[in-house]
Each structure stands twice: as C-alpha cells, then as structure tokens.
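K.L.:
Taken in order, these protein sequences are the chains called U and Y.
When we follow the numbering used here, the leftmost residue of the first sequence carries the number 1, and every step to the right adds one.
When we follow the numbering used here, the leftmost residue of the second sequence carries the number 1001, and every step to the right adds one.
Rather than coming from a laboratory, the hints here were simulated on the basis of the structure.
What you are looking at is a predicted structure, and each value in this text was computed from that prediction instead of being measured.
Don't take every hint at face value.
To be verified - Cβ-to-Cβ under 10 angstroms is the rule here; a few derived chain Y residues that face chain U:
| hint | residue |
| --- | --- |
| 1 | 1070 |
| 2 | 1091 |
| 3 | 1109 |
| 4 | 1131 |
| 5 | 1142 |
| 6 | 1189 |
What the hints assert, rightly or not - Some but not every residue of chain U turned toward chain Y, in silico, with C-beta under 7 angstroms:
| hint | residue |
| --- | --- |
| 7 | 35 |
| 8 | 371 |
| 9 | 424 |
Note that beta-carbon positions come from the ideal geometry of N, C-alpha and C, so glycine has one too.
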Amino acid sequence: MNVRTLVVSCPDWPVIATAASADDVVAVIAANRVTATSPAARAEGVEVGLRRRDAQRRCPGLQIVDPDPDRDARVFASIAALVDRFTPRVEMSSPGSLTFPTIGPSRYFGGDEALARLVAADIDSALGSSGWRGAVGVGVADGVFAATLAAELAVAESDHVRVIAQGESAEFLSPFPVSELGRPELADVLQRLGLRHLGEFAALKVDDVVARFGVDGRLAHRLARGLDERPPEVGPPPRSFDVIATLDPPAERVDIAAFAARTAADQLHEQLGGEGLACTRLLVVIETDSGERLERVWRHEGALSSTAIVDRVRWQLDGWLNGPSAQRPTGGVTRLVLVPDEVMPARGRQQGFWGGETEADERAGRALARVQGMLGVPAVTIPERRGGRGPADVVVRAPFVGTDGDDGQGRGVALDAPWPGRVPSPMPTLLPTEMLPIQVLDVRGAPVWVSGRGTLSAEPSTVRFNDAARDGVSIVGWAGPWPCDERWWDQSTHRRRARLQLILADGRALLVQIERGNWSVEAVYD
Amino acid sequence: MFDTGAVVVPAALSSSRDLSDLQELAEQIRPVVLARQAVLPVCGPLEQVIPDGGLVRGSTIAVGGVGATSLALQLVAAASKNGSWVAVVGLSDLAPVAVLEAGLDAERVAFIDPGGSGRQVDVVAALIGAVDIVMLDSRLSLRDSDTRRLGSRLRERGSILVVVSPGNEPTSQWSSDLVFTVHDSRWEGLGYGHGHLRSRRVRVGVGGRGRASRNMQHELLLAATGGQVAIAECEDGGGTVVAFGR
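Construct the entire structure; sequences and hints are all you get.
P.N.:
Spelled out as structure tokens, the structure:
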C-alpha cells in the first residue's frame, strides 16, 4: 500500500534564490548547461539543457548566474518553515522540493485537495511579495514519484494544485515518457525497444524486467507502475545509529558547526557501512545553549554518501543560522545529532579503475568543500573552457559545486577549438585584477593611437605606467594592432578594441589594449 | 611469544660470509618507500634541472623572478597530468587559460581566493594532505610561526608547497628545499612591428638545501610552441652548453 504523499515543487528555485525578480531574464548555468531559468527567459526560448552559447544566441540579454546549492538551501529553509505549520513530518528532498505524507493533516484540513490548496496559497503569498507568484506547484498522489510529476504539472495550472485520486497513480503516469524515470541509460534502451511511455514499460512482466535490467530495472518498473519507489528492503534501522557531536564552546558560525558535522557524518557513514547499510532518510537535530531544539528530515532517492550527508547538514545549518531572523535560534549550537531515519542495504560503490573518481579526488573534494565552509562558496573556483578571443575569455573561473552526482564531465569546449581573431599561443599567464592604465608613446613622446581602419598612428617607442614616473620603459619589440570588434549586436556588452604585444627593455612582455582611446594592460606574459 | 631476538643465533654470525648474507637479506626485506610515491614526476627537461629528478613529497619550493608563473606551472604540470590535485591559493591574477595551456588537468585544479578573510593559514592547513600540490601566492601575509607550523605539517602529510613570487625575488620566508630564480628573460618570435611572441629563453638559478645547495645555473626554453614544452639548452657552471632535444 502506497503512502499518500504531498510534494511541493519549485522548478525555478535556483533562480528565485538569487533574489532576481520574475521579470528578469535570468538563467542558472552549471558546467556549460542551463539548469534553471526565469519565466521571462523561457519566453525568449531559453530552455533547461541548452548550452551556454546557444542560450546566449537565443537571448543576447540573458543574465547568467552561477549555481550555488548553499544559497538555494538557505533561502528554501523559510519555505520549509511555512509548511511546518501543516505537519511536523516535512522532508526535504533537495533545495526547491519538499514532501510530506498527507495521512494526518489531510483529515484535519478536510481532504487532500483542501490541504494542497492551503499549502499552495500559503507559499504563493510568501513568494508573491517578491514577484514570484505562481512559481510553485503542489501535487498529491500515491508515492513520491507520481506526486512529484503531478506537482511539476501543477506549476502551469491556474490554482497550482494537482491531486491524483487514490489508486489512479498508475493511470496518471502511463502517458509520461520513459525519460522521466531519471535513468538515462535505461530510458535509451527502452526507447530503442519501442517502449516510449511509462505505461508500456509498466505493462511488462516483473520477471522479464528483472531478467533483462536487474535490480535497478525492477526499481524503475515499480515507479512506472505507480508503486512506492522504495524497495521492500528499505526500512527503519535495526538499532540506533545516532551520532551526537557536542560543541564546546557553542558554535555561532556555520563553518564551525559544519566542521563538527563533517566528523559526525563520517562517523555515521562508517557505522552504517560497518553493518552493510546506507542512509536514505536523515534527521538533523541541533540544540542551542538557550535550550532550543530544531530538527529537519532530509531524504534522498539513492543512498546518501558521506559527502552528501555533510552537504545536507551544511545546507540545513546555513538555513537555520543565516535564515530570516524570526526562525534563527537565539543561542549558539551546542549539540548536533544525526539520526538515520531510514536505511537500505548498501550496494557499495566501485571506485574507478581506469580514471573516474578515485580516493584522491574524493579527499580533495572534501578539503575544497571545507575551504568553502571557511571562505564562502564563491571563493573556490575551477577552470571552465568557454571559448573566446581574449585570454580572459577562453577559460574562466567557474564556481566549484561539489555536490553528489557531479562527474565533472563535459566542462566546456575544447581548448583548441578555432576562434578567428584569437590572441595567438602561448597565452599570457597573469590577468591584472584591476584596470592598469598606461600610455603608449612614439619616438617624439606623442601618444600613439589606432585609427578606425585599424592602423597605428606611429610606431610605439615607450610605455609610461603612470603619470608620476616621468620616463617610460622603452619598447624593444612589438606586433599589432590586432583589432577586435565583439558583440556589436548588443549595446551593453559591445566592445571594440585593438591589441598590441609588447616586449619591454626590462624583459617583460605585455598584451596591451586600446579601447575608446585609452591604453591599458590586458595581460602579462610572466 | 615470537621473540625476534631469538631468531638470530649468535653462532650463525661467526663467519663473515654469513654476516654478508644477513646484510643482503636485510637489504631485501627493508621496508621500501617506492620512489614513485615519494617523488612526483616533472616533464623531461626539468627532470635534469632538479637534483632529485622530480618534486619530493613534503618539500617546499620557492619560485621567483620575471617568468616565475610560467616556470611554476610547468613544474606541476606533469604531476597534474599524472593524477595529482593542484590547489592554487591566492594568485587571483593567474590566468586560468595559461594553467590549462601549461598542461594541467582541468578536472584536478582549484583556485582558492582567501581575499581579505585573514584565514589563509587555515585554508593552507586544510589543503595540505588533501591535495598533492598547493601553489601559494608569496604576497599573502603569513607569520614566521605559521610558515614553520605549515612546513612541518607539509613534511608529515607529504604534500608539496610551491610558493610563487611573480616578478619578484623568490620568497625567503619559507625554509625552502628548492629555490628557482628566473632571470634574463629573452622572448623570441616578436619583431619590430611583425610576428608574435613564440618562446622565451630564460636563465634559471637552482639553489636550496641538500643536493640542490650547489647553486646550478641552467638555460631553459619556456613556453615554446603550444605553450607546453620547456626544453632547454642547459649550461652548467663550467660554461659548456649541453643541448638536449625533446
């Protein structure tokens, strides 16, 4: 028997969390792919899954935001607090989505439909104040999978509620494409077998599915039939595995508490692993020195890895300690308790033999996450290839998002992809962080400039770095000008400039540019 | 129960032949640290410049002078390709494109900007042991007590610290095992109004402690075509020019 479940889903959440208004043309782009958009951006044709360049081509004025799960989770904590008024059994699945079983509250508030309407109206009015009315959907069905799909459909509906009657989940699911199962490889095979919809997959016999697709296939088959996604072996832990971390002195800051959480999460993971178990639902509890007790349940479709546990605890702490002042605890955190609420047999994880994720990668990922805890998420970046002409455009620093499931694949375009007009290799090694104005002078000491047709007014002879130094450094070699007229179709990002490569008498080599008649150092070949 | 002292029978040591046998045996059963684990690889030409033939785990390396950034990237590129993580702390003006062009693996590089947080010591301490190579900006202010503490943590955990001073003398704040001073940088490929920068000839002074304390001078070709290669004609103290090809 399936548990009637209510799911609140907010597909635009990563955009809402950036505090953008609904009319802004915003997209969140992770690893070169669009992962979330604002309604205004969708109206321009920017869809989830597009590549950065394609999104920019469809909508030149697109505002691009980097992903930040911490920010998403911190802001979502206030939504979770709203839903807390209906039931104490709210479970977070990810920032932007939460679920709870309706069995108690449904009877109290007068049925599933009435409950869903109340929840939707409450969240809608909270979001409405920032202009995001109608960004949320509430779905009720048997089981989380059907309810999530119902909630996603409900976003587009006028009252943002979709209730699937008891026992009708299988019928509701049957017209959905098999890609909704969230298993790309399985969906690919099914499509080639001619099974395009969940209904057709569900009609197969269980024995046949297990014989062909194994355990995971059986799980997907259960989903398609509208059965509980949880396999029968999922259940409460056989004994208590609670891990308690005591903080002395009480922690006021997230990074200190999160550091304790890391040790606790490792300990929990080790304990469970010792009995061949993995955690699928986790209760995070904190107690403060003024006697408050806050708790929240996090759930995950697969098993939570040690890193995933730490991520969720950090998100939750961030939401509590940096959230709106009405919900913020008044004292420092003195105790942190992690309670595995539901466990399943661990299927183990194979580490990569040829490439793939190794232990060293995991260790480095953890250290970087810890540094993010100290300095904030934007302080840690990784290189991402973007393509472009200038040295600053070819490869940029993209935020490091070390959550579960990021395999780091497809991080941008190849470095040697052709870009006509690109600055030739070798590339400069230093990009001044602030504008470094200079003067380029000819033999007589008159300023050199570049004409509209891209020719130099005179041969450059000296460079003067600032007005205070009277004598400049003489130029012993130069090449250029290399004119560059970029993004002329967009007023706000249009750049027209010309570049020169210079070698100075002191051995330094520079890439300088002239833009609107002003010379500056673009990059240094160190 | 198993007293190992009893295994060596004094009588067995009576003849010198047995003693040499024992020494041979001891040599065979000595716990070995694989050379590959203790030393991270560097690209061919640099192998001949560094006395140990690679980056020794737990060591501190200071790089300075005009061209220090390129040399530092070339030093760590081979290790990165071989699977080591590189964390760059500070150096907020380092161009990511140069990092990838030098041949570092994009999947295993992270830039960390401590900004004005004042927590650079904690950051470096957290990274040591977790990543193989930490590249540190010499412009970050650290106290001498911090560098001593981090240095001993480094030796204990086996990471490598590369302290880069772009355009300045190599830092003397760390007790470095290896010190690279880049000077006499001469670019090739750029004429007067034509061509473009192609490669750079530099003189690199290698000093430091232990075997490196002889202070050798080498002539290297940095950032040759493609930005990848650092091939050199090597000039020893004696003045002979030894060319070794790719």
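K.L.:
Can we keep the residue 424 of chain U interface hint, with Cβ of chain Y closer than 7 angstroms?
P.N.:
Since the shortest Cβ distance to chain Y is 5 angstroms, the answer is holds.
K.L.:
Let me know if the C-beta of residue 1070 of chain Y comes in closer than 10 angstroms to any C-beta of chain U, holds or violated.
P.N.:
6 angstroms, holds
K.L.:
Would the stated hint for residue 1091 of chain Y survive a check requiring a Cβ distance to chain U of less than 10 angstroms?
P.N.:
This hint holds: residue 1091 of chain Y lies near chain U, its Cβ roughly 8 angstroms from the closest one there, short of 10 angstroms.
K.L.:
With a cut-off of 10 angstroms on the beta carbons, see whether residue 1109 of chain Y makes it to chain U.
P.N.:
6 angstroms, holds
K.L.:
Close enough to count: is the Cβ of residue 1189 of chain Y nearer than 10 angstroms to one in chain U?
P.N.:
9 angstroms, holds
K.L.:
Does residue 371 of chain U pass the interface check with chain Y, least Cβ-Cβ distance below 7 angstroms?
P.N.:
5 angstroms, holds
K.L.:
Given residue 1131 of chain Y as an interface hint, is its Cβ closer than 10 angstroms to any Cβ of chain U?
P.N.:
Holds - the Cβ of residue 1131 of chain Y comes within 10 angstroms of chain U, reaching about 5 angstroms at its closest.
K.L.:
Can residue 35 of chain U be said to touch chain Y, with a Cβ gap under 7 angstroms?
P.N.:
20 angstroms, violated
K.L.:
Does the CB of residue 1142 of chain Y sit less than 10 angstroms away from some CB of chain U?
P.N.:
16 angstroms, violated
Hints 5 and 7 from the earlier list are contradicted by this structure; the remaining hints agree with it.
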